[in-house]
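Peer 1: Letter by letter, the chains look like this.
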Amino acid sequence: MTIKIAQLSCGTEYSSVQYEIEKAARSVGAKVVYPDVSYADINDAVKRFGFNPRSPQLKLMIARAISLADGKYDADAVFITTCFRCAEAALVRNELRRFIQENTKLPVVTYSFTERLKASQLLTRMEALVTIVTRKELLARERQTGLTAGIDSGSSTTKAVIMENNKIIGKDWTTSGDVVQSAQLVLENAMKEAGVELKQIEAMGTTGYGRFTLGKYFNAKLVQEELTVNSKGAVWLANRQRGEATILDIGGMDNKAITVRDGVPDNFTMGGICAGASGRFLEMVCKRLKIPIEDLGALADKGDWRNAKMNSYCSVFGIQDLVTTLGEGKSFEDVAAAACHSVAEQVYEQQLQEIDVRHPIIQVGGTSLISGMVTAVGEVLGERPIVPPNSQYIGAVGGALLSSGFL
Amino acid sequence: MKVFIDPPNSLILFDLVERFGHEPLSSMAAIQNKIDNVEVDMPPMNLTLEDVIKGLKYAGVEVPSGVRGRLSLWGPMIEEADAAIIMLDPPFNFGCVGCERSNEMVKYLIKRRGIPSISVNYPNNEEEAKATVGQIKEFLEGLK
Amino acid sequence: MSEERETRIFMISPESMITPDQLVRTIHAMGKEVTVKETCYGCLVEGSRDLVKDILAEVRKKHPYEIFSKVRAYPAGDPRRCRAQHGTRPGYAQLEAEWQALPWVQNGLMCADKGEKYKLPEEKKQFSAEKFKKICEAKE
Numbered sequence: 000m001t002i003k004i005a006q007l008s009c010g011t012e013y014s015s016v017q018y019e020i021e022k023a024a025r026s027v028g029a030k031v032v033y034p035d036v037s038y039a040d041i042n043d044a045v046k047r048f049g050f051n052p053r054s055p056q057l058k059l060m061i062a063r064a065i066s067l068a069d070g071k072y073d074a075d076a077v078f079i080t081t082c083f084r085c086a087e088a089a090l091v092r093n094e095l096r097r098f099i100q101e102n103t104k105l106p107v108v109t110y111s112f113t114e115r116l117k118a119s120q121l122l123t124r125m126e127a128l129v130t131i132v133t134r135k136e137l138l139a140r141e142r143q144t145g146l147t148a149g150i151d152s153g154s155s156t157t158k159a160v161i162m163e164n165n166k167i168i169g170k171d172w173t174t175s176g177d178v179v180q181s182a183q184l185v186l187e188n189a190m191k192e193a194g195v196e197l198k199q200i201e202a203m204g205t206t207g208y209g210r211f212t213l214g215k216y217f218n219a220k221l222v223q224e225e226l227t228v229n230s231k232g233a234v235w236l237a238n239r240q241r242g243e244a245t246i247l248d249i250g251g252m253d254n255k256a257i258t259v260r261d262g263v264p265d266n267f268t269m270g271g272i273c274a275g276a277s278g279r280f281l282e283m284v285c286k287r288l289k290i291p292i293e294d295l296g297a298l299a300d301k302g303d304w305r306n307a308k309m310n311s312y313c314s315v316f317g318i319q320d321l322v323t324t325l326g327e328g329k330s331f332e333d334v335a336a337a338a339c340h341s342v343a344e345q346v347y348e349q350q351l352q353e354i355d356v357r358h359p360i361i362q363v364g365g366t367s368l369i370s371g372m373v374t375a376v377g378e379v380l381g382e383r384p385i386v387p388p389n390s391q392y393i394g395a396v397g398g399a400l401l402s403s404g405f406l
Numbered sequence: 000m001k002v003f004i005d006p007p008n009s010l011i012l013f014d015l016v017e018r019f020g021h022e023p024l025s026s027m028a029a030i031q032n033k034i035d036n037v038e039v040d041m042p043p044m045n046l047t048l049e050d051v052i053k054g055l056k057y058a059g060v061e062v063p064s065g066v067r068g069r070l071s072l073w074g075p076m077i078e079e080a081d082a083a084i085i086m087l088d089p090p091f092n093f094g095c096v097g098c099e100r101s102n103e104m105v106k107y108l109i110k111r112r113g114i115p116s117i118s119v120n121y122p123n124n125e126e127e128a129k130a131t132v133g134q135i136k137e138f139l140e141g142l143k
Numbered sequence: 000m001s002e003e004r005e006t007r008i009f010m011i012s013p014e015s016m017i018t019p020d021q022l023v024r025t026i027h028a029m030g031k032e033v034t035v036k037e038t039c040y041g042c043l044v045e046g047s048r049d050l051v052k053d054i055l056a057e058v059r060k061k062h063p064y065e066i067f068s069k070v071r072a073y074p075a076g077d078p079r080r081c082r083a084q085h086g087t088r089p090g091y092a093q094l095e096a097e098w099q100a101l102p103w104v105q106n107g108l109m110c111a112d113k114g115e116k117y118k119l120p121e122e123k124k125q126f127s128a129e130k131f132k133k134i135c136e137a138k139e
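Residue numbers (numbering that gives the first Met the number 0), protein chains in the order written: chain A, 0 to 406; chain B, 0 to 143; chain C, 0 to 139.
Only chain A is shown next, with the shape it has when bound in the complex (with noise of 0.2 Å):
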């Protein structure tokens, strides 16, 4: 079965991207296809919406939305992309993105672009749209049955979680080097603290950029993208498994907000173009303050972002006010709490613009352990997020749950 992933979007054919998408979905086993509209439909549907963009192509991409909305054309997934950059397009792309999640089921991504844009960057994204459309019976399970693995090889550190019947009896993480060798650390570790074999393992599940070299060399039953996964563990972890939720993860190199209803995903957002605001930069950070990351959280509680100014869009230039503002005689506590609070609050202007944040905000992942970093997104939403305990291990606990699928 092919999965039609319905695309609005204006600039791909002229910034050299729309093959790079093309081939994105077609290595998932989808196809890209456009809503069919008429000149009277895109005056109509540009008139219904209520925004009038001066771009043609962006009235194209409304009426689009309007006859998939209406049911006119039929469509699996539907993504949603402009040029990085124009503000008409970012208006109308996450307004598109709001209609269409209010008046569809269909599960939606959105995404903007430069022309370096590779189709191996929008691999995720892709795979997720299509494991929602395909796995709906997988992602509806609540319960890990039997005895599986879960393996999570991020771009920072692999984890590894052993569960049986429902607990976790394992876990382990380490900081990613060699794919294999790093994931057969943690699992061995894990399986010593289960008590368990590799033999007696009944089904493994992997995720993680290193999923696929992973899946091959476990022979995993699972092998999934960490966007639906990554979810399926935060929401058991946070006994948050009906109702809606938003997924917030800090990575270490890219960072996701992901809106779920009942533990699945109708929306989410991977950070592309700039890493300025991730895991990494707090680890940046680490070094010139000369402390181990797990001090940081702490240290972040007892500052005051607002002594030390710390606000620049780039990890470069954070490190370079870092610096100035340490040489200006700041705390370390100050210049800690402004680190977080800048990393939460590009979090905010960017991936938590792209979607309608939903209660409970469960954040998770491995920065989720920095205290001061919970506190700073806490104070930029205005809600504290819930971490759930093994907060770091979402990727490993949802691929060891999603596994057991296949027993």
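What the hints contain is simulated information worked out from the structure, not anything from laboratory work. Backbone N, C-alpha and C fix where the C-beta goes; we use that ideal spot for every residue, glycine too. Any given hint could turn out to be false.
[What the hints assert, rightly or not] Below, simulated DSBU-like cross-link-like pairs (lysine-lysine); rule was C-alpha separation at most 30 Å, straight line:
no., chain 1, residue 1, chain 2, residue 2
1, C, Lys52, B, Lys143
2, B, Lys143, B, Lys53
3, C, Lys113, B, Lys143
4, B, Lys56, B, Lys33
5, B, Lys1, A, Lys3
6, A, Lys30, C, Lys36
7, B, Lys110, C, Lys118
8, C, Lys118, C, Lys60
9, A, Lys30, B, Lys1
10, A, Lys191, A, Lys3
11, C, Lys61, B, Lys33
12, A, Lys71, C, Lys118
13, B, Lys1, C, Lys116
14, C, Lys113, B, Lys1
15, B, Lys143, C, Lys118
16, B, Lys56, B, Lys106
17, B, Lys136, C, Lys60
18, B, Lys33, C, Lys52
19, B, Lys33, C, Lys113
20, A, Lys117, B, Lys33
21, C, Lys130, B, Lys136
22, C, Lys31, B, Lys1
23, C, Lys118, B, Lys1
24, A, Lys215, A, Lys191
25, B, Lys110, C, Lys124
26, C, Lys123, B, Lys106
27, B, Lys1, B, Lys136
28, C, Lys36, B, Lys143
29, A, Lys104, A, Lys46
30, A, Lys22, B, Lys53
31, B, Lys1, C, Lys124
[What the hints assert, rightly or not] One side of the interface only, derived from the structure: several residues of chain C facing chain A at Cβ under 10 Å:
no., residue
32, Tyr91
33, Ala92
34, Gln93
35, Leu94
36, Glu95
37, Ala96
38, Trp98
39, Gln99
Position chains B and C relative to chain A; hints supplied.
Peer 2: For chains B and C alone, coordinates are given in the frame of chain A:
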């Protein structure tokens, strides 16, 4: 003479320019050049990263990539043109001219080149069409 | 532009009595080695540039005001732009819009050939604030 038409994909302008004995410079020609290039396999348009980079000649990197990609196609045609016809307020332009920022820049580039040009209204009734066709005919005949 | 191929759209003005079928037969009757594809608006002709230009000249001679034409970048049925593959191509709605204006352009061409005078459209001027103020005050 080579006459650049704006919108560059307009059927009416292309037809009138040819009809009155000139060569229209259109987006169709620019895109045909791209898609007939068998050495590139980037469907649907064979527009590549290098093309978008060429657009930097007309707009800086802070300008969206779609604008630069479009200008990399229209810009050289405007440079090549001996004259230009601009149709104001067409009802909709899609595909080739879907970005209003690019469209504004095209009009400006024509003005900056200083070639003979004429701006006419998109006809909304018979009377207006009489004027539009009449103006275009006189302009094109005057170029001979 | 490539010298080898020209793909050309021939669009019949909606007020014309010529049907796409008649147009296609007329072109076929010219006996040129080109491909002609009937469409809802007229036809697509594809072949070497010289032949297609000859056809254009003959069509113009036969129907000077009712048929309009422009070149098309993509060959007929090209999967990169084929409607069956993805849905309508981006320029479709624009062609639809221009098609609706063709009867006026047709009439404009006839008038121009007769040398009829035309009236330049008046520039829309903003209503003066003074006058508007007076109206407002008068209503009070």
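Peer 1: Going through the numbered hints above, which ones does this structure break? Give me the numbers in ascending order.
Peer 2: 2, 5, 9, 10, 11, 12, 19, 21, 28 and 31
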